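There are 4 protein chains.
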Amino acid sequence: MKASEPAVLEHASGDQKAMAVTSMKALVYSGPGRRSWEDRPRPGIREATDAIVRITTSTICGTDLHILKGDVPTVSDGRILGHEGIGVVDQLGGAVSSFHKGDRVLISCITSCGKCDFCKKGMYSHCRSGGWILGHTIDGTQAEYVRIPHADTSLYQLPPQADEEAVVMLSDIFPTGFECGVLNGQVKPGDTLAIVGAGPIGLATLLTAQFYSPAEIIMVDLDTNRLDVARSFGATALVDSSDGKAVDKVMALTEGAGVDVAVEAVGIPATFDICQSIVAPGGRIANVGVHGKPVQLQLERLWAHNVTLTTRLVDTVTTPMLLKIVQSGRVQPAKLVTHRFRLAEIMKAYDVFGNAAAERALKVVLSNG
Amino acid sequence: MKASEPAVLEHASGDQKAMAVTSMKALVYSGPGRRSWEDRPRPGIREATDAIVRITTSTICGTDLHILKGDVPTVSDGRILGHEGIGVVDQLGGAVSSFHKGDRVLISCITSCGKCDFCKKGMYSHCRSGGWILGHTIDGTQAEYVRIPHADTSLYQLPPQADEEAVVMLSDIFPTGFECGVLNGQVKPGDTLAIVGAGPIGLATLLTAQFYSPAEIIMVDLDTNRLDVARSFGATALVDSSDGKAVDKVMALTEGAGVDVAVEAVGIPATFDICQSIVAPGGRIANVGVHGKPVQLQLERLWAHNVTLTTRLVDTVTTPMLLKIVQSGRVQPAKLVTHRFRLAEIMKAYDVFGNAAAERALKVVLSNG
Amino acid sequence: MKASEPAVLEHASGDQKAMAVTSMKALVYSGPGRRSWEDRPRPGIREATDAIVRITTSTICGTDLHILKGDVPTVSDGRILGHEGIGVVDQLGGAVSSFHKGDRVLISCITSCGKCDFCKKGMYSHCRSGGWILGHTIDGTQAEYVRIPHADTSLYQLPPQADEEAVVMLSDIFPTGFECGVLNGQVKPGDTLAIVGAGPIGLATLLTAQFYSPAEIIMVDLDTNRLDVARSFGATALVDSSDGKAVDKVMALTEGAGVDVAVEAVGIPATFDICQSIVAPGGRIANVGVHGKPVQLQLERLWAHNVTLTTRLVDTVTTPMLLKIVQSGRVQPAKLVTHRFRLAEIMKAYDVFGNAAAERALKVVLSNG
Amino acid sequence: MKASEPAVLEHASGDQKAMAVTSMKALVYSGPGRRSWEDRPRPGIREATDAIVRITTSTICGTDLHILKGDVPTVSDGRILGHEGIGVVDQLGGAVSSFHKGDRVLISCITSCGKCDFCKKGMYSHCRSGGWILGHTIDGTQAEYVRIPHADTSLYQLPPQADEEAVVMLSDIFPTGFECGVLNGQVKPGDTLAIVGAGPIGLATLLTAQFYSPAEIIMVDLDTNRLDVARSFGATALVDSSDGKAVDKVMALTEGAGVDVAVEAVGIPATFDICQSIVAPGGRIANVGVHGKPVQLQLERLWAHNVTLTTRLVDTVTTPMLLKIVQSGRVQPAKLVTHRFRLAEIMKAYDVFGNAAAERALKVVLSNG
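Residue numbers (this note's numbering), protein chains in the order written: chain A, 1 to 369; chain B, 1 to 369; chain C, 1 to 369; chain D, 1 to 369.
Same shape as in the complex, but just chain A (with noise of 0.2 Å):
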């Protein structure tokens, strides 16, 4: 299912009543550089595990703007994109046991069948009929409807009184910043912690590291506005890296014992080579970043270190935990959210967050309620 599927038109009809019941809006990629909002057919259950689920709030993910500069060729033309989302239960395929018809949902990123050996272990990413696929290989959460595949084990129900601004965080950047940077990176109490990329991602793990009360953090980023918001969200220190002077201070900072733990959340050489240089003998380095080139990795330094690096693409393994805490209050999500669309207004909010830096855009909700 990681291979793009064939555009089908299910409901198809010449009838216009009937079409105006099964057409709905949809944020269509068409190529490099192209998108629009238009009309689709909606869609409906192809498999008795699916469920097709009304869109009440979606927004944009940083992997949208890649796909649109043409950086992931395995999305075709006339995909609706999309991957992260919530929603209202519309219809069930017969082979769903855990939803009814009106329930509101998270959509998870990843689709999980729970039945695969790697779902087994808890590694829903590579989920063999499933894994990153939504707004990818198949159709995503961008439109007013989408159709999930294996629902039982991809869906989660929301609490009554959930806010879904804050709940939508949990499609993918807070599992992501949890399970990639700090679940990884084995963050621990008392750690020195150092996160290089202050984009949603990076604040995400800012404050998802939280959870495990390390004793510094310091944020690494270029942008002064984004290092001001990581204060705001509880960094204890901020490197300024706009001057190529990232390590001596991060070493300064730690009177040169280096960090315990170090995040790269931005996804190239030079913020990987910042996170080597200054992990501490014992450290980790957790990759949360998505690379587009290979990196050099100084093992005639680091082998004599005992350094762990990982990398990950998110298993969503922890949102029920991410949920029961966010309804606990000891975060907040929606900090995250500067700007708020009318889901049809979709095309305008790609606009502002495709100019993030000089929109201070962090994440854009779009709603749909």
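Take the hints with a grain of salt, since some may be wrong.
Copies of the same chain look alike in the list, so a pair counts if it fits in one copy or across any two.
[Stated by the list, open to error] The calculated lysine-lysine pairs, modelled on BS3-like cross-linking and capped at a C-alpha distance of 27 Å, are:
no., residue 1, residue 2
1, K25, K69
2, K324, K249
3, K348, K335
4, K188, K249
5, K324, K120
6, K324, K188
7, K69, K348
8, K293, K245
9, K101, K25
It is worth saying that the hints were derived from the structure and are not from the lab. Note that the structure is a prediction, hence the values are computed from the model and not measured.
Use these hints to put chains B, C and D onto chain A, whose structure you have.
Just chains B, C and D now, with coordinates in the frame of chain A:
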């Protein structure tokens, strides 16, 4: 103490009779390519935590060959080499409480103070007044006597029935293979494991990996003799990498899945590349090899593969466990011994070990019983 | 589903010919002390996630004897017993995607939905619509056919060359010994382990404990025949507890130190007491036995002993790993088979198994090949 | 050294002037119910690894009250009590290398040699020549001076800005609550935690549990004042157990699910029973309380509940981390201080602490600045 220290001749004396008592023979490094078996003053106690050990068994490590090539600039001319050995306690500083004169002891290649932050975390390799210093920044074990700093926490009592040929493998290569390869690689029952490099360290990894009952152990090397040895030590599949097709062969052996654990036991970019190309999603790369150059890490592919890469200088924190398990008979480290010499024949032993492929040498044992 | 369900005869028919097709033989419990091999309707698909399996190999568990004594009141009269077995898929519900008709499968004693909170945590034993239900609250495997709910996540594909006698041990006793005893006991290389109870489960613990290479395995039992078997299976010391001096003997064997891990594999206060008396400071007590009464825990002594005590109903989460390791030949579960019968001889097999000490019975295998 | 040692007056002297120099005041136990603040000879160095510390801050522990009741027979008459304190290094044995005269240090309640098998495993509580000896089998910290054996590994350097009132909580109750309760209970983000007992140790558990961001913390106690304190310290629910219905209340608060972690912080069978009745399947019971009697463990029910029960005498292995996190300001141990006295007023301080409920006393701090 990691910097080199000045040569001090504690008991130097013009008196011929005293000289007879206080001199000894030792293997001395005198710059790249130069080694000699010569008279040196016997070491004496410098710190209250020191012990002087009379060597009964020693051996030569691949690292000693590197030093002789001039690859380890922190070794100064005049240094007595060797960081592996067994001996009998000859003198003790006043603060040593765990040993008595006459005790037979294993010398760890890593010196540990037991007090600093790294030692308290079990990371003896980075001890603030120890680490790898023997035969490196202080005089080592290829001599009739050696001074061992921090004796209480750097020596291990041997049981009376211990076989010195077996136990001397616990000075370095057994804990190295076990800690850096097996533990860091998180080898688990049922795993598929590949070890790239069938030298002494790779073979020690092979033997100790079996403590955790992997289902498959694939051994990769250029040398068919070493592969044959690997088979007799428990490898379940052999890959001759001399044709440059090791990756294809390992992938074929695993039906395209890759391995759960890839151990790098050589220390060059080409073998590291094999490891990063054969590791399965969710797998581990455990680096054991000593690298002289950076490597290119394929992060553009691996970022989404949920892999863990570890590096480690051996801590020898598992030495007590390894002693127990060797005594239980569950593993026979002496299998690695291919050649035996008297300590006084060490110059010849170096010739053999330095020509390992042709001599089919793995470990050469030096006895001074 | 943990409560008993009403007996439903899905395909009941007055038509003699149809009856011939749809009836089968099964071992039926009819209240304490009463069992019979009788005609029953063949089970059919009830839920889309069910499979019907034709049994080719089954066995009898100590738990079945407990049921027959009336000790398990949740088993109602008319229940077909048995929770272990191997067979061939005969029918499949529409939502089962991982198996095909004709596949040879291992049946897990634990049924897992793969969707509930417990299943997602790998705690299948407490699955909200599964757990131990076979031969308990729904009909079991001591029959010609059995209905398996949640087939995708409760059956395991067998490799063509698998030996059914060996693999049927993976329905229950191998994962039970391994998960509840070995994993919960955190058996590590070099450990000293005591297993109290050398019945089939204790012996399965003994065999699977060796996956982790403990240095010493002390087997404790009253039955000298079983101790002899234990020695041949790898125990390094035997303690005959019939004189009530097991604790003294284990302490003597460990020179007063006690054991790192004590596995309770009987289920009575006396054997629990042995475990809590022999565990060393820092050690683990892993309870495997099914207990009918509370025990007295010596917390006035143990509070300061840094011990860990675990309980567990097997989850069978390690079944895929156990299948791999059995295929690798590193362990031979078929060693536990002492008696073989045709499935149709099951009444006689129960007689033998119910008189295990005199018959020197461990596991009795029932074939219907 | 765990057995009591004879009282030795190292510097005893008939000379009045010398006496003036070498005597000190100390709180001396003279059998059940008898304590006095009296002149005692100042301690001197006995072993090269000793330090003499001049006490600047001390406190009283519930264990001291137990000793005074005669409950700890290993304390002999004439013993100076106290195992918590901060002070300034006054004298050092020749083998102490990590401290200098004049250093301000935290005294750990647990003495660790750093060399024995238990210390190497981080289990300082069972150090073969240490453990809990201060104010137990050797003279303690409720005095103007105290001798600290194994000073290098039993004292901790204080940063200049450290608040003694806060840091003295790290001698015992903070590591006890954290290691025995939080770490052993494996508290994780999102967990539901119950702490049974809101005394100083239970409250220290409450404060340090928040390092791991549990979603819910239920505090159970008979004393409404202590419950009020617990709420102000971060408890999310309070259960007054004075009506004997604590179990029902906790089950109601968790909608019948029970808690992920139950911490026993009292030390009697009744509170242990609450813990074993409220723990969810898959949950942990972490015993912190000092028990004087056995308890009945409901193994007939718990055998199938997949629970883990731990016991532990604090190791103080987390003291460096706790120091770091206190310095970071993420936790304020001084919150536990309800009463302050001069050290010379210790007799009165004992009166208050011994009447804790009426006095609303948690920790009483004794200053000798």
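Hint-by-hint comparison with the structure:
With identical chains, the CA atoms of K25 and K69 are at most 27 Å apart within one copy only, with a shortest distance of 22 Å there and 66 Å across copies. Taking identical chains as interchangeable, the C-alpha atoms of K324 and K249 lie at most 27 Å apart only when they sit on different chains, with a minimum of 21 Å there against 37 Å within one chain. For a Cα distance limit of 27 Å, the shortest separation of K348 from K335 inside one copy, 21 Å, qualifies, whereas the shortest one across copies, 51 Å, does not. Taking CA atoms no more than 27 Å apart as the test, K188 paired with K249 passes inside one copy only; the shortest distance there is 23 Å, against 33 Å between copies.
For a Cα distance limit of 27 Å, the shortest separation of K324 from K120 qualifies both inside one copy, at 22 Å, and across copies, at 15 Å. In the homo-oligomer, the alpha carbons of K324 and K188 lie at most 27 Å apart both inside one protomer (20 Å) and across protomers (12 Å), since each shortest distance falls under that limit. Taking the shortest Cα distances, K69 and K348 sit within 27 Å of each other inside one copy (17 Å), while across copies they are farther apart (65 Å). Proximity of K293 to K245 under the C-alpha cut-off of 27 Å is found in both arrangements, the shortest distances being 23 Å within a copy and 24 Å between copies.
When the C-alpha separation of K101 and K25 is checked against a cutoff of 27 Å, the pair qualifies only within one copy, where the shortest distance is 21 Å, while the shortest distance between copies is 43 Å.
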